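Keeping their order, the protein sequence lines are chains A and B. Residues 1 to 226 in full-length UniProt numbering are what the first sequence spells out, letter by letter. Residues 1 to 226 in full-length UniProt numbering are what the second sequence spells out, letter by letter.
It should be emphasised that the hints constitute simulated quantities derived from the structure, not laboratory data. Check before you lean on any hint, since a few could be wrong.
No copy is singled out in the list; a pair is fine if it fits within one copy or between any two copies.
Calculated pairs, DSBU-like style, for lysine-lysine (alpha carbon to alpha carbon, straight line, at most 30 Å) [what the hints assert, rightly or not]: (1) K119 with K51; (2) K119 with K153; (3) K218 with K51; (4) K218 with K119; (5) K160 with K51; (6) K155 with K119.
All values reported here derive from a predicted model rather than from experimental measurement.
Protein chains: 2
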Amino acid sequence: MVGLGLIMMMIMKFFRVGVAPFILLLLFLLCSIDSSSVLQVQGRVLSISTKPDPNDAAATARWLLSFNFWGVLNTISTDLGGAPFGNVVSYSDGLPNQGSGIPYFYLTTLDPTARNALKDERASFTVSEYPLGTCGNVDPENPTCSKISLTGKLKLVDEKSKEFEFARNALFSKHLEMMDWPVGHNFQVFKLEIENIFLIDWFGGPKQLTVEQYLDFKMNKNGFIL
Amino acid sequence: MVGLGLIMMMIMKFFRVGVAPFILLLLFLLCSIDSSSVLQVQGRVLSISTKPDPNDAAATARWLLSFNFWGVLNTISTDLGGAPFGNVVSYSDGLPNQGSGIPYFYLTTLDPTARNALKDERASFTVSEYPLGTCGNVDPENPTCSKISLTGKLKLVDEKSKEFEFARNALFSKHLEMMDWPVGHNFQVFKLEIENIFLIDWFGGPKQLTVEQYLDFKMNKNGFIL
Numbered sequence: 001m002v003g004l005g006l007i008m009m010m011i012m013k014f015f016r017v018g019v020a021p022f023i024l025l026l027l028f029l030l031c032s033i034d035s036s037s038v039l040q041v042q043g044r045v046l047s048i049s050t051k052p053d054p055n056d057a058a059a060t061a062r063w064l065l066s067f068n069f070w071g072v073l074n075t076i077s078t079d080l081g082g083a084p085f086g087n088v089v090s091y092s093d094g095l096p097n098q099g100s101g102i103p104y105f106y107l108t109t110l111d112p113t114a115r116n117a118l119k120d121e122r123a124s125f126t127v128s129e130y131p132l133g134t135c136g137n138v139d140p141e142n143p144t145c146s147k148i149s150l151t152g153k154l155k156l157v158d159e160k161s162k163e164f165e166f167a168r169n170a171l172f173s174k175h176l177e178m179m180d181w182p183v184g185h186n187f188q189v190f191k192l193e194i195e196n197i198f199l200i201d202w203f204g205g206p207k208q209l210t211v212e213q214y215l216d217f218k219m220n221k222n223g224f225i226l
Numbered sequence: 001m002v003g004l005g006l007i008m009m010m011i012m013k014f015f016r017v018g019v020a021p022f023i024l025l026l027l028f029l030l031c032s033i034d035s036s037s038v039l040q041v042q043g044r045v046l047s048i049s050t051k052p053d054p055n056d057a058a059a060t061a062r063w064l065l066s067f068n069f070w071g072v073l074n075t076i077s078t079d080l081g082g083a084p085f086g087n088v089v090s091y092s093d094g095l096p097n098q099g100s101g102i103p104y105f106y107l108t109t110l111d112p113t114a115r116n117a118l119k120d121e122r123a124s125f126t127v128s129e130y131p132l133g134t135c136g137n138v139d140p141e142n143p144t145c146s147k148i149s150l151t152g153k154l155k156l157v158d159e160k161s162k163e164f165e166f167a168r169n170a171l172f173s174k175h176l177e178m179m180d181w182p183v184g185h186n187f188q189v190f191k192l193e194i195e196n197i198f199l200i201d202w203f204g205g206p207k208q209l210t211v212e213q214y215l216d217f218k219m220n221k222n223g224f225i226l
């Protein structure tokens, strides 16, 4: 810090400028950081550590689930003749940096997605890397911008189970406003029991990745514990 | 401009500073604009004009389709026992500020989505307002952060039709890299023939919005022509 101060004073003297350029530079740097490497959900800052090597499919998939916080949950719509119905939802797979890989949701039957799932559990959940800001200057459909679709069964989590406590903490810690959502709407915790994984994170088609490889991946591998 | 130059010179003289603070201020302002009101897809800047009144369902829906550029396209997966399969895709509904409301896609049968659609046309397309940055400090699942799911049939657009030219121009003008995607992958233009609209843009459940109201909406209403 002393070194930085000295350099700053030398620049001020040499160019005969005040502290204004330094304050503006600081603001500019803060602004750049905001749009590139830090995400904020209602005031809580999530740092995005190094994106895993695309060859490590399990790491990439778990990183994507851990650092994103919303996606599209797809169910079979009984109201619309069995059409696939996608819905924007928030999710969490665990406390910060302790993700389980299993996405949990907070849904109400006032919304078609929960109603559909209670009639037909078949579902998929799709998440894109694009909103994380780590794709660089490529299109959201470019294969180097990761995307994952987890297919399986969308199930209600029993309110008396230990998993319910885990899931609720996971959701409320990542989405602060959820704890204030209207009690009368009867929000319930759902989870996706994953049966199949479709991951694109580079050229050459979907990655080979089993559910076991995905779930067994340890979060402290590849340095993405913060 | 002359007035601005004079003010700048007076500040430079009074505070004994050079042009550096002004350059940094300009960078900072550009940076601020980038993260709040302008979206960039590969170099083309899309300005987001005023978000429509949530009470105007047709305007909100068409605004969302016009200003976003990616979403999740959902089909019925024959490979996965009829499960709904979501996939991240780029889209366009028209040339900039001339959107038709009909989303067009550029897909290859190397990807399951196009293969699924050729076997079973039932599909939905889901877009969130969240990545536009206009939701404020609310959760992506908060009803004031708009989301739309268009349900219908995903159809191949005939390469000899006028619609094909329109759709290709719409796609290539919004997603510059598409024109360089590998010829050998045999990308084709698809469109969603909309049969039902699910729009949430405020509290109180989905908006009443017919396909006719949505398609008939004129882009120069509510001041969102730029």
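*Can you give me the call for K218 and K119, within, between, both or neither, at a CA distance of at most 30 Å?*
neither (34 Å within a copy, 39 Å between copies)
*Using 30 Å as the alpha carbon limit, work out where K218 and K51 are close: within a copy, between copies, both or neither.*
within (15 Å within a copy, 43 Å between copies)
_My question is about K119 and K51: at a cut-off of 30 Å on alpha-carbon distance, are they close within one copy, between copies, both, or neither?_
neither (38 Å within a copy, 36 Å between copies)
*Using 30 Å as the alpha-carbon threshold, which applies to K160 and K51: within, between, both, or neither?*
neither (37 Å within a copy, 43 Å between copies)
*If the cutoff is 30 Å on CA atoms, where do K155 and K119 land: within, between, both or neither? Let me know, please.*
both (11 Å within a copy, 28 Å between copies)
_Reference check for the pair K119 and K153, CA-CA at most 30 Å: within, between, both, or neither?_
both (11 Å within a copy, 23 Å between copies)
In terms of the numbered hints stated before, the structure departs from hints 1, 4, 5, listed from lowest to highest.
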